[in-house]
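A.B. asks: In numbering that gives the first Met the number 0, the protein residues as written are 0 to 231.
Be aware that a few hints might be false.
Listed next, the in silico BS3-like pairs over lysine-lysine satisfying Cα-Cα at most 27 Å (straight line) [unchecked claim]: (1) Lys231 x Lys141; (2) Lys231 x Lys143; (3) Lys220 x Lys231; (4) Lys220 x Lys141; (5) Lys207 x Lys225; (6) Lys231 x Lys207; (7) Lys207 x Lys143; (8) Lys207 x Lys220; (9) Lys220 x Lys171; (10) Lys171 x Lys141; (11) Lys143 x Lys171; (12) Lys197 x Lys141; (13) Lys171 x Lys225; (14) Lys220 x Lys143; (15) Lys225 x Lys143; (16) Lys207 x Lys171; (17) Lys197 x Lys225; (18) Lys197 x Lys220; (19) Lys207 x Lys141; (20) Lys197 x Lys143; (21) Lys197 x Lys171; (22) Lys197 x Lys207; (23) Lys225 x Lys141; (24) Lys231 x Lys171.
Taking CB as the label site, the calculated pair distances span [unchecked claim]: (25) Asp146 x Gly172: 24 to 30 Å; (26) Tyr206 x Asp176: 14 to 20 Å; (27) Asp156 x Thr177: 47 to 53 Å; (28) Ser122 x Lys225: 21 to 27 Å.
Hints in this document: simulated from the structure, not taken from any laboratory.
No residue lacks a Cβ here, since even glycine has one placed at the ideal position from N, Cα and C.
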Amino acid sequence: MSKDLKQKKSDYLLELALEEQLEQDEDMKKYPLPEDVEHPHVFSEEHEKRMQEIFKMADKVEHQSYRRKKHFQLAAGIALFLCLTTVTVTQVEAFRLPVFRFFSEVMEKSTYYGVEEVQTELSSRYQMYEPTYVLEGFHVTKVKEEDNYFELHYENDATGQAYNLYFREDLKGFFMDTENAETEERDINGNRAFLSVKENVVRMLMYKDNHQFFISGIIDKNNAVKILESIK
0 MSKDLKQKKS DYLLELALEE QLEQDEDMKK YPLPEDVEHP HVFSEEHEKR
50 MQEIFKMADK VEHQSYRRKK HFQLAAGIAL FLCLTTVTVT QVEAFRLPVF
100 RFFSEVMEKS TYYGVEEVQT ELSSRYQMYE PTYVLEGFHV TKVKEEDNYF
150 ELHYENDATG QAYNLYFRED LKGFFMDTEN AETEERDING NRAFLSVKEN
200 VVRMLMYKDN HQFFISGIID KNNAVKILES IK
């Protein structure tokens, strides 16, 4: 309907423009009009009213189309704002959804189904001591924090491999199994470190800034070094 009204409006305006052009054309003035068309045609009042109605209807359709376009743009803008707000909120620590672990314990006459909340991120107090390098395919599945101490548990869902990183804020004596093990002392970024490899289990202790870092797991010893090197 909108196209028909616009077409009628365009045709009518074109007709008026053509008549005006002919009236101003000097060449046309040289030729007198025949007697039967000596007087220019005058549209009836009813015709003029009808054309005005057509113009109004066309304008109304155009305005409705413009309003619909603006409403669509406004709705799109609101939707974008809500999406950005949602992304921002979900990145705030206070709005992160907790992670739960479901487990079962079979007893003599019943089975206990338990749920416990699992911490998967370090608090701001210890984040500065967290390694920035994580082995490909591994991710943190559990975090344990105590006074002056934390441990991170990493797992690879595809291979089933796992390793742990332990941190102690103060220096204390440490026992490491070295019987029948491959042992060596290393320097990691100027920090003293001790390595033990026994039955494919890598254990590595590093002292840094009067803190202790310890890695244990079935991983390559060079990867253990890379993990400790990434601690700032």
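A.B. asks: Decide, hint by hint, whether the structure agrees.
C.D. replies: Verification of the supplied hints:
1. Lys231 x Lys141: The hint holds at about 22 Å.
2. Lys231 x Lys143: holds, 21 Å
3. Lys220 x Lys231: Measuring from Cα to Cα gives roughly 20 Å; hence the hint holds.
4. Lys220 x Lys141: holds, 22 Å
5. Lys207 x Lys225: Distance ~15 Å between Lys207 and Lys225 Cα, so the pair holds.
6. Lys231 x Lys207: Holds, because 10 Å separates the two Cα atoms, which is no more than 27 Å.
7. Lys207 x Lys143: Roughly 21 Å separates the two Cα atoms, so the pair holds.
8. Lys207 x Lys220: Holds, because 19 Å separates the two Cα atoms, which is no more than 27 Å.
9. Lys220 x Lys171: holds, 24 Å
10. Lys171 x Lys141: holds, 24 Å
11. Lys143 x Lys171: holds, 19 Å
12. Lys197 x Lys141: holds, 25 Å
13. Lys171 x Lys225: The given pair, whose Cα atoms are some 24 Å apart, holds under the 27 Å limit.
14. Lys220 x Lys143: holds, 24 Å
15. Lys225 x Lys143: holds, 23 Å
16. Lys207 x Lys171: Status holds; Cα separation ~13 Å.
17. Lys197 x Lys225: holds, 19 Å
18. Lys197 x Lys220: holds, 11 Å
19. Lys207 x Lys141: Judged against 27 Å, a Cα distance of about 24 Å means the pair holds.
20. Lys197 x Lys143: Since the Cα atoms of Lys197 and Lys143 sit roughly 26 Å apart, the hinted pair holds (cutoff 27 Å).
21. Lys197 x Lys171: At roughly 23 Å apart (the allowed maximum being 27 Å), Lys171 and Lys197 satisfy the hint.
22. Lys197 x Lys207: holds, 24 Å
23. Lys225 x Lys141: Status holds; Cα separation ~21 Å.
24. Lys231 x Lys171: Measuring from Cα to Cα gives roughly 21 Å; hence the hint holds.
25. Asp146 x Gly172: 24 to 30 Å: At 18 Å between Cβs, range violated.
26. Tyr206 x Asp176: 14 to 20 Å: holds, 19 Å
27. Asp156 x Thr177: 47 to 53 Å: Given range 47 to 53 Å: violated, Cβ gap about 32 Å.
28. Ser122 x Lys225: 21 to 27 Å: Distance hint for Ser122, Lys225 holds at roughly 25 Å.
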